[in-house]
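So the sequences go chain by chain: A and B.
In terms of the numbering used here, the first sequence opens at residue 1 and continues consecutively.
In terms of the numbering used here, the second sequence opens at residue 104 and continues consecutively.
Just so you know, these hints were derived from the structure itself, not from any lab.
Hints should not be assumed to be uniformly reliable.
[Stated by the list, open to error] Dumping the calculated BS3-like pairs for lysine-lysine here, alpha-carbon to alpha-carbon at most 30 Å:
(1) B:188 / B:252
(2) B:254 / B:188
(3) B:186 / B:369
(4) A:99 / B:186
(5) B:126 / B:136
(6) B:186 / B:136
(7) A:99 / B:369
(8) A:99 / B:126
(9) A:99 / B:136
(10) B:252 / B:186
The structure displayed is predicted, hence computed values, not measured ones.
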Amino acid sequence: MDTLLAFFHQHTELIYIVILSIFLGVEVISRVPSVLHTPLMSGANAIHGVVIIGAIIVMGKAEPDNIPALIIGFLAVILGTINVVGGFVVTDRMLEMFKGKKK
Amino acid sequence: MIGSSILSIIYLVGSVTFILGLKMLSRPDTARKGNLVAAAGMLLAILGTIFLYRVNGEPLHNLGWIFAALAIGSIAGVSAARKVKMTAMPEMVSLFNGMGGACAALISIIEFAHYPLMDGMVVIMLLSLVIGAVSCAGSIIAYGKLAGKIKDFSFNGQHIVNLLILGAIVILSVLLFTGLSSAAVTALFYTICALSLVYGVLFVLPIGGADMPVVISLLNSFTGVAAACGGFLYDNPVMLTGGILVGSAGTILTILMCNAMNRSLKNVLIGSFGGATAAAGGG
Chain A
1 MDTLLAFFHQ HTELIYIVIL SIFLGVEVIS RVPSVLHTPL MSGANAIHGV VIIGAIIVMG
61 KAEPDNIPAL IIGFLAVILG TINVVGGFVV TDRMLEMFKG KKK
Chain B
104 MIGSSILSII YLVGSVTFIL GLKMLSRPDT ARKGNLVAAA GMLLAILGTI FLYRVNGEPL
164 HNLGWIFAAL AIGSIAGVSA ARKVKMTAMP EMVSLFNGMG GACAALISII EFAHYPLMDG
224 MVVIMLLSLV IGAVSCAGSI IAYGKLAGKI KDFSFNGQHI VNLLILGAIV ILSVLLFTGL
284 SSAAVTALFY TICALSLVYG VLFVLPIGGA DMPVVISLLN SFTGVAAACG GFLYDNPVML
344 TGGILVGSAG TILTILMCNA MNRSLKNVLI GSFGGATAAA GGG
């Protein structure tokens, strides 16, 4: 229990961000028309690619002689980049298609 | 000192572009611009991290490796996204989502060795590992199903097996903190990882092809939460906001997608277990 309280106290700001972001995420997209469901899913998919920042940090912290960490980190950065870059490009292509179709 | 202040501002700008991007993506006339706004914010956040992030006052090492990985990933991502047929886009999104999940799980695997077990952060790492691995395995199965490479598969009592696996993951995670030897802890950690992958596969396998977009959306929000765990781990606000936004927006989107198909989420996830009953309860 003490550990839990200490954890809460130590990270109050982050916990605030989490709670407020949850409400924000719900509010921001709650009135989306159904044609945009798939592009929105794809756009959100690209946005959670921020996880790549964590991969870059892991990679940048690894000591040059820590081969396993370097290999796994290298893989993580590649996967994260594909997620981000591919995600945004695919979303753009989807929306391009919509533009041609609608009106 | 100036560098880290600039980095904080970059992260703030990044978080705002993600919010704006999602907001604009939910309206037809601004959707395309919204995607670009979020992409610009992401680029800024990535470049800022590479050049301005400091670990105990030191800049990041291995920049050559990082840029090589970024180049490989960009080329692979762009060519995959350009080549994919319009009709095959949902499965491409699923594949990308799986890679994001894998990325989150890999981060946990590396960082796990660096933290003492009694640190609260280990719980966050476990969360990121389990969610990331489930999302990764599930997304790959979802991709395979939509691409017609994997057939629907279910057996009697599958939901019980799934619950047992989930229970095992929780129990093993608690066991981690009971003061075992470090070799046992490592073994347990990888067992949890493997079980999470199996759970991801079994979770998606029985769900019908028509419901796949809903499942992909759900896994998408899972990966968002895993990314947010990374944000906690590194005290990184842009990862936290980006991840949680996708987590909550993705969950709502999943429910909206179900509503659009006149079904409930429960129906999609549980109704499909045990074949015949699912067909009956489908409407």
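Structure-based check of all given hints:
With a C-alpha separation of about 16 Å, the suggested pairing of residue 188 of chain B with residue 252 of chain B holds against the 30 Å cut-off. Using a Cα cut-off of 30 Å, the hinted pair residue 254 of chain B and residue 188 of chain B holds, with the two alpha carbons roughly 21 Å apart. This hinted pair does not check out: residue 186 of chain B and residue 369 of chain B have alpha carbons roughly 35 Å apart, beyond 30 Å. About 19 Å separates the Cα atoms of residue 99 of chain A and residue 186 of chain B, which keeps this hinted pair within 30 Å; it holds.
Under the criterion of a C-alpha separation no larger than 30 Å, the hint pairing residue 126 of chain B with residue 136 of chain B is consistent with the structure, at around 11 Å. Note on residue 186 of chain B and residue 136 of chain B: the hinted pairing holds, with a Cα-Cα distance of about 22 Å set against a maximum of 30 Å. The straight-line distance between the Cα atoms of residue 99 of chain A and residue 369 of chain B is roughly 34 Å, outside the 30 Å bound, and the hint therefore fails. Proposed proximity of residue 99 of chain A and residue 126 of chain B is supported: the alpha carbons are some 18 Å apart, at most 30 Å.
Taking the CA atoms of residue 99 of chain A and residue 136 of chain B, the gap is near 12 Å; set against the 30 Å cutoff, the hint holds. With a C-alpha separation of about 19 Å, the suggested pair residue 252 of chain B and residue 186 of chain B falls inside the 30 Å cut-off, and the hint holds.
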